[in-house]
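Enquirer: What follows is the residue order along each chain.
Number of protein chains: 2
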Amino acid sequence: MAGKSTEPNWLSPSEMAAWRRYIVASRRLLDALDADLDSEDLSIADYEVLVLLSEAPDRRMRMSELAENGLVSRSRLSHRMKVMEKAGWVKRQNCEVDKRGQWAVMTPKGWQAIVKAAPIHLKSIRTRFIDVLSKGDQEAIAQAFNKIENNLRKEIIE
Amino acid sequence: MAGKSTEPNWLSPSEMAAWRRYIVASRRLLDALDADLDSEDLSIADYEVLVLLSEAPDRRMRMSELAENGLVSRSRLSHRMKVMEKAGWVKRQNCEVDKRGQWAVMTPKGWQAIVKAAPIHLKSIRTRFIDVLSKGDQEAIAQAFNKIENNLRKEIIE
DNA sequence: TCACAATAGTTGAACCTTCAACTATTTGGT
DNA sequence: ACCAAATAGTTGAAGGTTCAACTATTGTGA
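Same order as they appear, the protein sequences are chains A and B.
Position 4 of the first sequence, counted from 1, bears residue number 3 in numbering that gives the first Met the number 0, the numbering being contiguous throughout.
Position 34 of the second sequence, counted from 1, bears residue number 33 in numbering that gives the first Met the number 0, the numbering being contiguous throughout.
Rather than coming from a laboratory, the hints here were simulated on the basis of the structure.
These numbers were taken from a predicted model, which means no experiment stands behind them.
Identical copies carry no separate label here, and so any pair may be met within one copy or between two of them.
Within a straight-line C-alpha distance of at most 25 Å, the following computed SDA-like cross-link-like pairs (lysine to any residue) qualify:
1) LYS122 x MET15
2) LYS134 x VAL23
3) LYS122 x ALA55
4) LYS122 x ALA16
5) LYS134 x HIS120
6) LYS153 x ASP35
With these hints in hand, go ahead and build the complete structure from the sequences.
Expert: Below is the structure:
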């Protein structure tokens, strides 16, 4: 541990390359995926909420569980839910077991929306991500981001 | 090309793993990096604008060039600039050569802000990304995301 | 030179997200 | 049983982003 903690420990050129390419390409990629869903009037965020509900038993989930699995704040989900409810994709129901709670329930219309959007989004992921990469690339990414996530998770616990 | 175009071409488990880990870890990573800059009252977006300016000749750049290099819309940059100008980090100057144009100029205060924030952000990138990965991981990421970006770029031209 | 298209940049409105404060209910300790 | 703390969820305000419309200037071709 030589050197003052305030001295920047600059990235080497190859480290910088990895970081920069990751950041720049990721931003473009996400923008493209979002744009691909424009035709369905869905954002990626809303799409993901619908996917989570579609996979849940009875296509419903408690608000807080949905927020956690979707990696969004409760507040954000609450606001979003109001919009999605108005669009007719979901509705909310009181939870009998825990009277503080709410169920987020997917409606038939929500199901239709996701069934219609899924092939588009899937194709989008394929053409922009999966099909561009070799099997080896994919494995390397899975492994690398697994490490990154474990490392982040570790920090929360400490 | 067998099958109707509307039939989802589902991802295989290993493809899904690569995609999911990438998306989930990326979101967490970006959140963590943003949180690390909270102490400096900077968002990553603003930090990046300041870095671009700090590296430019005379620490100034035309608005449209700044927008393009920073991967943000002109409108967004314009709005952001107003806030950053109020914070004293940048100022705007008329461009004599092109009278439609504006220079975004970094102020000494802006320079100080970035000098102070850089070690923090760098350390953040190191501990959460670079140092977690092997040299091989880093190379694989650089290569993979290079492919992704080239593929995206290709599409724009077509 | 004139007219028309393209470019630089800004603006306001609509929309989305964050943050802190709030209500209501449940849990845990004594 | 009681009370304090924790949890579920919502809300409004403040701030950020997007979108389309707008002004001003520059480039281009006849």
